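Put together the whole structure using the sequences plus the hints.
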Amino acid sequence: MADIRLVLSQLMVPAALGPVTQRRLEAVANVLGENPVVVAQEGVSPGSGVVITATGLHVELTPGSVAAGFHGVQGARLERAAAALNQVIRATVAEPTGGAVARFVAHVLASERAVDILNRQVSDVHRRLPGRLEQWLWGIGYRYLLRTPSARGECRIEPLLSDPSWAFLEYVLGSVEQLPAAALERFAAERQQEFEGWVQEVSAELDRAGKKGVGGPA
Numbered sequence: 001m002a003d004i005r006l007v008l009s010q011l012m013v014p015a016a017l018g019p020v021t022q023r024r025l026e027a028v029a030n031v032l033g034e035n036p037v038v039v040a041q042e043g044v045s046p047g048s049g050v051v052i053t054a055t056g057l058h059v060e061l062t063p064g065s066v067a068a069g070f071h072g073v074q075g076a077r078l079e080r081a082a083a084a085l086n087q088v089i090r091a092t093v094a095e096p097t098g099g100a101v102a103r104f105v106a107h108v109l110a111s112e113r114a115v116d117i118l119n120r121q122v123s124d125v126h127r128r129l130p131g132r133l134e135q136w137l138w139g140i141g142y143r144y145l146l147r148t149p150s151a152r153g154e155c156r157i158e159p160l161l162s163d164p165s166w167a168f169l170e171y172v173l174g175s176v177e178q179l180p181a182a183a184l185e186r187f188a189a190e191r192q193q194e195f196e197g198w199v200q201e202v203s204a205e206l207d208r209a210g211k212k213g214v215g216g217p218a
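The numbers in the numbering used here rise by one with no breaks, and the one at position 115 of the sequence shown is 115.
Honestly, the hints are just simulated from the structure, not real lab data. This structure is a prediction, so every number in the text was calculated from the model and none was measured. None of the hints are false.
Dumping the calculated SDA-like pairs for lysine to any residue here, alpha-carbon to alpha-carbon at most 25 Å:
1) 211 x 113
2) 211 x 197
3) 211 x 5
4) 211 x 140
5) 211 x 201
6) 211 x 162
7) 211 x 112
8) 211 x 200
9) 211 x 107
10) 211 x 196
11) 211 x 116
12) 211 x 164
13) 211 x 141
14) 211 x 161
15) 211 x 160
16) 211 x 119
17) 211 x 138
18) 211 x 139
19) 211 x 163
20) 211 x 165
21) 211 x 3
22) 211 x 142
23) 211 x 137
24) 211 x 168
25) 211 x 109
26) 211 x 170
27) 211 x 120
28) 211 x 158
29) 211 x 156
30) 211 x 4
31) 211 x 6
32) 211 x 198
FRET-style restraints, in silico, Cβ to Cβ:
33) 22 x 131: 49 to 55 Å
34) 56 x 147: 28 to 34 Å
35) 133 x 55: 43 to 49 Å
36) 73 x 142: 25 to 31 Å
37) 130 x 8: 33 to 39 Å
Yeah, the Cβ is synthetic: ideal placement off N, Cα and C, and Gly gets one too.
And the structure:
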């Protein structure tokens, strides 16, 4: 069976927050009550700030959004991040302005290099690139666009650039309409269940394909 590592699980809500000050970050840390180990301005983007707790909960604030999740915490549940997100929104008096977006990333190691399995699933017609670009082809990924009456998103499967033995899997799904606070935890739980089921199916298919030398992810 393939090895699966959860890299990221995150829930983001667009919100009118305004300037991210140190005082505001400290207010977030206090309301979380989980012995924060990092409280700092300038997160992954300019004008942002992060609060990271001892249990691995990662909260990021920007002037236009609030996000909570886990980075590399195996077994993490996004419902917990959703509950924290509601606390943060109340503590910062942020006003949600759009639908919630769930994002998950996992790495999967199969019985053969993922880059080789993925490459051989695409016919010569579909892998054709103009001119000498074809000579530079190193790996092929898959992107699936998702659409329902209430949500939009995508799934991606591609070789992991840092180690092509692994496959990179990403699932992103956002609600079209703004969700009430009471619905965030259910939204998070449903998205995680979908992601985990998809990852298990892909990892099993990669494992079978690697052993047989044929087939590929469904």
